[in-house]
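Take any residue in the sequence shown, count from 1 to its spot, add 168: that is its number in our numbering.
Derived from the structure by calculation, the hints contain no laboratory data.
Virtual Cβ for every residue (Gly too), placed ideally from N, Cα, C.
Fair warning: there could be bad hints in the mix.
As the list claims (entries may be wrong) - Lysine-lysine pairs mimicking BS3-like chemistry, simulated, CA-CA at most 25 angstroms apart: (1) Lys289 to Lys210; (2) Lys297 to Lys213; (3) Lys297 to Lys214; (4) Lys222 to Lys170; (5) Lys289 to Lys267; (6) Lys333 to Lys210; (7) Lys184 to Lys213; (8) Lys174 to Lys217; (9) Lys289 to Lys217.
Stated by the list, open to error - Simulated restraints, written as ranges between beta carbons of each label pair: (10) Lys171 to Ala308: 17 to 25 angstroms; (11) Ala308 to Val220: 17 to 25 angstroms; (12) Asp234 to Glu265: 32 to 40 angstroms; (13) Gln311 to Tyr241: 29 to 37 angstroms; (14) Glu172 to Glu231: 17 to 25 angstroms; (15) Ile306 to Val245: 35 to 43 angstroms.
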Amino acid sequence: MKKEVKDTIISELGRKISEYPHFYLVDITGLNAEATSNLRRKCFKKEIKMVVVKNTLLHKAFEASDVDFEPLYDCLVGSTAVMFSNIANDPAKLLNEYKKEGIPSLKAAYAEESFYVGADKLDELAALKSKNEVIAEIVALLQSPTKNVVSALQSGANTIHGVLKTLGERAE
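Kindly produce the complete structure, drawing on both the sequences and the hints.
Structure below.
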């Protein structure tokens, strides 16, 4: 491969690393063409960008980055694909579908500005909540007391109304 091509690939990887806040390093050894194509289709549906890379070029892209990716350097062996995502737990959920076969398997991940090294971290990554999920939970928690107050006032009003109506209808 010519040096110009390598430099282009390194700069493109560097751009993706800075563009996407989360990425996973995945071992794709043992995937045939059909399985790789199916994985790419699933990634596309979940808006995950999957790129098969040379480890040395990815290492150089890491070194050129502003973030220190040194904890990931030891994972750059064998066949590596990088899954770039805007939502931290989407790639983990996708990889969980393949957990029984063991291919592809997680090597490491950079999610929520933290490093996760090893396949055993997959469940932890899948349990991470996305920004939208956290916002939805906060909104639900904030709405809960208001709903309880309104509900109590409405039920109390019906109860008082019923008592007054019964007293008014009672023969004297």
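- Query: Looking back at the hints listed earlier, which ones does the structure fail to meet?
  - Reply: 6, 10, 11, 13
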